[in-house]
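Build out the structure end to end from the sequences listed, making use of the hints.
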Amino acid sequence: MKPSRWLSGAGVLSVGLLAAACSPGGSAGTESPSAQCTATVPAGKVTLKMVSTPESGAAVKAIIAAFQVKYPNITINYQDTNYDDYNKSLNLSLASDQAPDIALLNSVGTTVKDKLVASLAGCEKAYSWDKVYPSTQLAQWRLGANGSTLGSGDLYAAPAGFSIVGVYYNKDKAAKLGVTPPKTLDEFEAAMDKAKTAGELPLQLGNSEGHASFAVQLLGQSADGADKAANWTFGQPGATFDTAGNRSAAGQVADWAKKGYLPAGANGVDLQGAVDKFTKGEGLFFIDGNWDAAKIGDRLGANAGFFAFPGAKATAIGTSVAYAISAKSPNQSAAAAFLDFLHSPQASAEEFKAGFMPADPSAATPAPGTVMADIVAAWSRVNADNGLVGFNNNATATMNDTLTAGTQELVGGRTDAAGFVAAVQKDWSKTHGS
Amino acid sequence: MTRYLTRLSLLVAAASVLIPFLAIFSAALQPESNLSPGLEWPSDPHWENFATAWTSAGFASLLKSSAIIAIGVVPISLVLATLAGYGMSTMGSRVRGPLFALLMLGLALPYEAIVIPLYYDLRSVGLLNTYWAVILPLVGAFMPFGVFWMRSHFEAMPKELTEAAVMDGASSWRTLTTILLPTARPALTTLGLLYFMWSWNQFLLALILIQDPAMRTAPAGLGKFVQQFGQNIPLLSAGTIIVITPVVLLYLFFQRHFVKGILQGAVK
Amino acid sequence: MVPLLYVAPAFLFYATFIIVPWLHSVWISLWDWNGVGVAEWAGLDNYAEVFTEPALREALLHAFLFILFYTVIPISLGLVLAALVAATPWRAMPLIRATLFLPQILPLVAVGVIWKWIYSDGGPLNDTLSLIGLGGITRPWLGDFDWALPAVGLIGTWVSTGLCFLLLLSGIQKIDLHLYEAARVEGAGPLREFWHVTVPGLRKEMAVAATVTVIAALASFDVVYIMTGGGPGYATTVPGVQVYQLVFTAGRVGTACALATVLSLLTCAVMYGLNRLARER
Chain A
21 MKPSRWLSGA GVLSVGLLAA ACSPGGSAGT ESPSAQCTAT VPAGKVTLKM
71 VSTPESGAAV KAIIAAFQVK YPNITINYQD TNYDDYNKSL NLSLASDQAP
121 DIALLNSVGT TVKDKLVASL AGCEKAYSWD KVYPSTQLAQ WRLGANGSTL
171 GSGDLYAAPA GFSIVGVYYN KDKAAKLGVT PPKTLDEFEA AMDKAKTAGE
221 LPLQLGNSEG HASFAVQLLG QSADGADKAA NWTFGQPGAT FDTAGNRSAA
271 GQVADWAKKG YLPAGANGVD LQGAVDKFTK GEGLFFIDGN WDAAKIGDRL
321 GANAGFFAFP GAKATAIGTS VAYAISAKSP NQSAAAAFLD FLHSPQASAE
371 EFKAGFMPAD PSAATPAPGT VMADIVAAWS RVNADNGLVG FNNNATATMN
421 DTLTAGTQEL VGGRTDAAGF VAAVQKDWSK THGS
Chain B
2 MTRYLTRLSL LVAAASVLIP FLAIFSAALQ PESNLSPGLE WPSDPHWENF
52 ATAWTSAGFA SLLKSSAIIA IGVVPISLVL ATLAGYGMST MGSRVRGPLF
102 ALLMLGLALP YEAIVIPLYY DLRSVGLLNT YWAVILPLVG AFMPFGVFWM
152 RSHFEAMPKE LTEAAVMDGA SSWRTLTTIL LPTARPALTT LGLLYFMWSW
202 NQFLLALILI QDPAMRTAPA GLGKFVQQFG QNIPLLSAGT IIVITPVVLL
252 YLFFQRHFVK GILQGAVK
Chain C
16 MVPLLYVAPA FLFYATFIIV PWLHSVWISL WDWNGVGVAE WAGLDNYAEV
66 FTEPALREAL LHAFLFILFY TVIPISLGLV LAALVAATPW RAMPLIRATL
116 FLPQILPLVA VGVIWKWIYS DGGPLNDTLS LIGLGGITRP WLGDFDWALP
166 AVGLIGTWVS TGLCFLLLLS GIQKIDLHLY EAARVEGAGP LREFWHVTVP
216 GLRKEMAVAA TVTVIAALAS FDVVYIMTGG GPGYATTVPG VQVYQLVFTA
266 GRVGTACALA TVLSLLTCAV MYGLNRLARE R
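Residue numbers (our numbering), protein chains in the order written: chain A, 21 to 454; chain B, 2 to 269; chain C, 16 to 296.
These aren't lab readings, by the way, just hints derived from the structure by calculation.
For each residue, glycine too, the CB sits at the ideal point set by N, CA and C.
Heads up, a few of these hints could be off.
Some, not all, of what chain B presents toward chain A, calculated at C-beta under 7 Å [to be verified]:
#1 Q212
#2 A215
#3 Q232
Printed below as a string of structure tokens:
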């Protein structure tokens, strides 16, 4: 036999065998698994495995220690993996035999649809979480029966602490330029123009991981209103990214790049690189989340300030660091007890120390005059205006990649507002339907 | 004139290889607070960066993992490649043709094309997240090169050697172990060194088939280190040097084997 | 029969861990599967996506563009250098040889880390450019739509040039000296000698160098993953990076397998072509 015939023969044979074996993947699941929850914590010895990322889990070790003092029979083994790897491997590890009991959920993605985490409906009732948290704080972890529309339905994760994205500013530079925290978008642009004229960089940005999407989202939701924007991030049927607000937002960011309001090489600098530059005095404004507050506060000291994105109503991007219970976990009651502990005063204090807004607001006690004080003020303003919207980046499993590539093209002048908006909505439609 | 031009261009080529090394070495010795150092020799070298990088990335366990994987792969691969190389050198061309074609295919298949099913197949037999998840596929992937390498070594041996043994009634096993193997030492050393280096440097398979970051190979650990300390160039440079030092040392000791192996291995 | 027994264990490993997974991957490529849930038969739909979705098409295009940097430039440089060196022996040669070979043995992740820093905003390349009065062209090279791909590609040139040079040098030393003498008798100058004796005499070595480097170009993953992750936009994305993202972010395992299958078939085709070229005459 000639090699080619021999090869094709072997190939056909093996493929035939596989075809007979079955299609890839398992069989269809039945009911969505629901966690067995009672408000009583099991008495016997229990060991739980918990996974998170270093940033989100910054306070977790201390919280676990406090939890284990309260429940000596429960041991929690904690493990963290960096953000990218974590998101890429979470579904696979939840599906494996070594699934963790408690897992950080950065976005819903397909995790619920694939029935990898348990519904917390029973736990919510048993622990009255609906009375502990304002409804908007739980809404982003509620899912409809289709497993992809957020906002109402069963709860799938419980929050530990909250993040908020707004605008940092360099108080020293602002004072020299005669700029006060702007109240409207016009004032914001006027301040940037002033900085540009004075030879200062108006807005620091690192976009190699696509963080210009924060600016696009803040501009867009401030124009369209938080409710409309939230519908889209929640994947509500009929929502679209193609709104007047988002179109002009994308156009504005492209325009800022053209006018030199953004650093020329932004696409080649990552978020932490931008933080370093901002704290070294490059840039009047900087759009970033409270997770970098400690770093910025330490380095800029009294010169660090923060305000919620300007607009008629204050809006911000924010989400909760939230934990889910694996559908496979044999110890769901013990895991639920830990989730409930996350809003305890001890846990809240630890979360605040790590830079997150605590679930228990009374734990937010910043020293006056610090950047943390500004952030707490912005947080309560945004909540009063009901302006907190989840990250656009979490609207679908691939949205972060789409926004990264899209904003890089926008800032680099490779696409226009219309092309950007169309690419984003196309990704959304693949998951949520058009 | 040509001579000086030649030497100059060789020196330029060598310098373009060496300068990046000198650059990260100088960067690794900068004070940790100097997040993005340029090209300057530190006035006060900070050797402790190596210790900091070592502990903060857990390089002890990463180097151990790389070593375990390499030490698992090398002996198995050497034994299998030797046996198969010998078998191939003695068999008739009618059988050898198809086997040859099958092995050639393996040289062309990129790891990207096999790593996804490997992930699901290894998971279903419970080998995922163990060192075996990387060792076994690597042994498989190393077979084409090794078999070709050993076969051409055995075929280069004078025929009289083996024919005399057969006349004396020696079995093929005895011919291999007592006559051929003692002469194969240099070939085996070269092959073993190349296998060691390729296992040590493996990135993609370790990244996907081992989820526990502490069990991955040193380069995969470096990949994680980049994400966590990407801004801290002195620490990152120190980490990079830690990861490459073992292979560079091995290369310096066995330089001839490496060069000969890769050059001849490619031509064969 | 006996030879087959010797060959069997090696082929068992090879078939179990390389060939069968590859066939399995081809099989998965015919399904619409997110890696966890239920799969649906997709026929050739995934292949249609590979050739119509811009990001995937660009990834394949870039893999072929990398051949320029991994193969064409290194072989050209190596050829000229080898011809020059062969004519003028030098005692320092072993040391040079050992140095030029160094990039071959390094883990590509480390190579990527080193060069990512060199190209960065405040990195050594920009420092040097500013120092020699070229401050105007400095930029974060990897974030620039026009420069990112060449910048990443040049790492391939850095890695493979030494290998190509040494392969060709060892080939030149095997060329029959009489051929050169005959050319000289006919009055050929050094340039004609190069084109009519050296280049044809190195046919086999060039094919080998091309095969090894083309495979490295098409299968590149480590360097791009570490340096740019495929960005900015999709300017440097390659099939390896797309396969990784399709499986672990998008949960489109079928499409990932289709892309991997297309990549392996293209690699085989290129290898086959090079093999034919080397055997002609």
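TODO: Under 7 Å, Cβ to Cβ, is where Q232/B needs to be relative to chain A, so tell me if that hint holds or is violated.
DONE: 5 Å, holds
Open item on the list: Can you verify the interface hint for Q212/B: is its Cβ closer than 7 Å to any Cβ in chain A?
Closed with: Since the shortest Cβ distance to chain A is 5 Å, the answer is holds.
TODO: Go through the hint on A215/B and say holds or violated, using the shortest Cβ distance to chain A against 7 Å.
DONE: 9 Å, violated
The structure does not agree with numbered hint 2 stated previously, though it agrees with all others.
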